[in-house]
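Chemist: Listed below are the residues making up each chain.
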Amino acid sequence: MKLNTKDLISAALLIGFAVVALWLNTDHTLGTARRMGPGYMPMLAFWLLLGLGVIVLLLGLVNGPDPIERWTGAEIGFLLAGAVAGVAAGMAAAGMSGWVAAGWNPLGIGLFVGCMVVSVVKSWRPLFLISAAFSLFGLILEPLGLMLAIGLSVILSAFADETHTPKGVAGLVVFLCALCWAVFIYELDIRVPVWPQF
Amino acid sequence: MDLFANLAHGFSVALTLNNLLFCFIGCIIGTAIGVLPGIGPVATISLLLPITFGQPATTAIIMLAGIYYGAQYGGSTTAILLNLPGEVSSVVTTLEGYKMARRGRAGAALTVAALGSFFAGSVATILVAASGPLLTQVALSFGPADYFSLMLLGLVISAVLAQGSVVKSIGMVVFGVSLGMVGTDVQTGQQRFTFGIPELSDGVGFVSIAMGMFGIAEIILNLERPEARSVMSGKVGSLMMTREEFRRAVPAVLRGTTVGSLLGILPGGGAALSSFGSYMMERKVSRGRHEFGNGAIEGVAGPEAANNAASQTSFIPLLTLGIPANAVMALMVGALIIQGIQPGPRMVEAQPDLFWGLIASMWIGNLMLLVINLPMIGMWVKLLAVPYRYMYPSIMVFCAIGVYSLQNNVFDVYQTVVFGIFGYLCSKLRLEAAPMLIGFVLGPMMEEHLRRAMLLSRGDPMVFVERPISAVMLGIAAVALIAMLMPNVRKGKDAALAEGG
Numbered sequence: 001m002k003l004n005t006k007d008l009i010s011a012a013l014l015i016g017f018a019v020v021a022l023w024l025n026t027d028h029t030l031g032t033a034r035r036m037g038p039g040y041m042p043m044l045a046f047w048l049l050l051g052l053g054v055i056v057l058l059l060g061l062v063n064g065p066d067p068i069e070r071w072t073g074a075e076i077g078f079l080l081a082g083a084v085a086g087v088a089a090g091m092a093a094a095g096m097s098g099w100v101a102a103g104w105n106p107l108g109i110g111l112f113v114g115c116m117v118v119s120v121v122k123s124w125r126p127l128f129l130i131s132a133a134f135s136l137f138g139l140i141l142e143p144l145g146l147m148l149a150i151g152l153s154v155i156l157s158a159f160a161d162e163t164h165t166p167k168g169v170a171g172l173v174v175f176l177c178a179l180c181w182a183v184f185i186y187e188l189d190i191r192v193p194v195w196p197q198f
Numbered sequence: 001m002d003l004f005a006n007l008a009h010g011f012s013v014a015l016t017l018n019n020l021l022f023c024f025i026g027c028i029i030g031t032a033i034g035v036l037p038g039i040g041p042v043a044t045i046s047l048l049l050p051i052t053f054g055q056p057a058t059t060a061i062i063m064l065a066g067i068y069y070g071a072q073y074g075g076s077t078t079a080i081l082l083n084l085p086g087e088v089s090s091v092v093t094t095l096e097g098y099k100m101a102r103r104g105r106a107g108a109a110l111t112v113a114a115l116g117s118f119f120a121g122s123v124a125t126i127l128v129a130a131s132g133p134l135l136t137q138v139a140l141s142f143g144p145a146d147y148f149s150l151m152l153l154g155l156v157i158s159a160v161l162a163q164g165s166v167v168k169s170i171g172m173v174v175f176g177v178s179l180g181m182v183g184t185d186v187q188t189g190q191q192r193f194t195f196g197i198p199e200l201s202d203g204v205g206f207v208s209i210a211m212g213m214f215g216i217a218e219i220i221l222n223l224e225r226p227e228a229r230s231v232m233s234g235k236v237g238s239l240m241m242t243r244e245e246f247r248r249a250v251p252a253v254l255r256g257t258t259v260g261s262l263l264g265i266l267p268g269g270g271a272a273l274s275s276f277g278s279y280m281m282e283r284k285v286s287r288g289r290h291e292f293g294n295g296a297i298e299g300v301a302g303p304e305a306a307n308n309a310a311s312q313t314s315f316i317p318l319l320t321l322g323i324p325a326n327a328v329m330a331l332m333v334g335a336l337i338i339q340g341i342q343p344g345p346r347m348v349e350a351q352p353d354l355f356w357g358l359i360a361s362m363w364i365g366n367l368m369l370l371v372i373n374l375p376m377i378g379m380w381v382k383l384l385a386v387p388y389r390y391m392y393p394s395i396m397v398f399c400a401i402g403v404y405s406l407q408n409n410v411f412d413v414y415q416t417v418v419f420g421i422f423g424y425l426c427s428k429l430r431l432e433a434a435p436m437l438i439g440f441v442l443g444p445m446m447e448e449h450l451r452r453a454m455l456l457s458r459g460d461p462m463v464f465v466e467r468p469i470s471a472v473m474l475g476i477a478a479v480a481l482i483a484m485l486m487p488n489v490r491k492g493k494d495a496a497l498a499e500g501g
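Residue numbers (the numbering used here), protein chains in the order written: chain A, 1 to 198; chain B, 1 to 501.
Everything labelled a hint here was simulated from the structure, so no lab data went into it.
One thing to keep in mind: the hints can contain errors.
[Claimed, not checked] Derived DSSO-like pairs (lysine-lysine); straight-line CA-CA distance at most 30 Å:
(1) A:K167 with A:K122
(2) B:K382 with A:K2
(3) B:K382 with A:K167
(4) B:K428 with A:K122
[What the hints assert, rightly or not] According to the in silico footprint, chain A covers these stretches of chain B (three or more CB under 8 Å from chain A):
(5) 343-350
(6) 372-381
(7) 385-394
A quick note: this is a predicted structure, and the numbers were derived from the prediction, not measured.
Beta carbons are placed, not taken as given, at the ideal position from N, Cα and C, and that holds for glycine.
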């Protein structure tokens, strides 16, 4: 047996998705082959996906070895902690009143908190700090405006690369603010608040 | 002749000031991202999609096309001078091009790459113009069953030609098709898999998927790798080719153009595959084959001509059949649909400005690129001095603003974050994102055609094998799949892709 770990995980992903989707698809009428209902094509696609997942799984049992990089305890721990913290923060935000519960803010808060917790571990930083900075941008864009959103998310993302210097980051923020103002506000005139709204 | 009248019309569209300007912008951006490793045409085009919405459809497509073929020009520059492929399609150019630079013939290599690309681009433009209306005529006789089979063929080939395991690639195609099912069912209006989220009733955001999986995921992967950029060694030297070099380059360019044009049309083909195909061919048949490995000019001329020809002929299936041949073309479909144009055989007649204007602009763009590239090589190389730590926050911010401005909704921003993380996971698991994107675009169209075909045939699935066109498509798809099951064919492909990147 030569296990191909990457293929096995891929197979689990495909099979898991197909099974959940097939279950969700029971809500939709299938119809007949002649008059297909909304559920017919999804059913075909998901069964095919399930079948392919099983093939990948079977092939993955023999065509390895192709191990993935082993995660350290801290990496696994903080990944789980991040998931829990993210869900908890999102739920808590949705339960509160005011700005934090409005619109998609709970989702954004959940994503941001979750990603920030995981990025405590250094090796996760490129992935989760960029994701956190991206979520942060979405969170503060509407209340605080474009300029602050650019500034704060760039500063946060800068921690993902250790070669950054404070001066360089400051210059980058100024440059990007000017560029984005010229392109998106002056030239394209997109409807987005530029400065904080009070 | 009709063709000339149409082309004249195309030039009158492409030569308007606005279109010229955006063609130029597209070419400049294309060259820049071609030079810079770490950001490719797919990421850039998805990044710039939102910016084009304010423009008319023709202008938007002209600019996006300029980015794609511009990247092929730019990619060769760094490949030759720094042994650093700016794009996947110029990986093979490094093999001979850098050797030529080491011998002091960098100038000649750059010239032959640019001139060869220009020649190939011109030929491919004519090919698109000539084959467009012809293929459209054929396509108009297609029934729903034929369309369904054609799309199926496109999906199969794009999966077969993708890197790595074929089964996994097909899995990703079907995964893309499944994602395409999210949203309102067109015929009954029922909400499918939307979980009551109003933002999902139009389907999962196409731009979010593209930006997340190609833009954000790419940044993250680049950040994890340590930066390896060499400084330019030696001088560019004279841009002139010697008579001998010229004589050797001409047949290579001709062969490269042919290979590139053919492989470009193929679903799943495109620039990267064709430059590799051409390199393999030159190594076998060219007069200078004994020099390969020491800087043979054929090894630069052929692949560079091929990748440029392919980047243009890959528009043929899109413009005539509405079927994207690769991930970049899938983005073009997205751009057209957002502009309210349904890609398909009726486009040539319904949107003559777009079709002929785009073709004319390709030729103009190639001419511009020649001017942008050759005399200003030094400037482009300086671009490499910009460290990645300044590039990635910029890309991130542009992604974020772009995706927000689509519908002025932060939901799209969060959706992009999720697809970014998913894209990272996929690349770690060697699941290909490109077939998924093509599946996502084609999925809803396939469902439409499947339903219509089955309605017409009164529920008899035999219609797919009884109609000759459909049967042929399915036959080719089956052959392609079976060929990949044979060990030696698969090994050949793996070796080819491994060497070609």
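Chemist: Against each hint, give a clear statement of whether it holds in the structure.
Modeler: Results of checking the hints against the structure:
{"no.": "1", "hint": "A:K167 with A:K122", "verdict": "23 Å, holds"}
{"no.": "2", "hint": "B:K382 with A:K2", "verdict": "48 Å, violated"}
{"no.": "3", "hint": "B:K382 with A:K167", "verdict": "22 Å, holds"}
{"no.": "4", "hint": "B:K428 with A:K122", "verdict": "18 Å, holds"}
{"no.": "5", "hint": "343-350", "verdict": "violated (count 0)"}
{"no.": "6", "hint": "372-381", "verdict": "violated (count 0)"}
{"no.": "7", "hint": "385-394", "verdict": "holds (count 7)"}
Checked against the numbered hints given earlier, the structure breaks hints 2, 5, 6 and satisfies all the rest.
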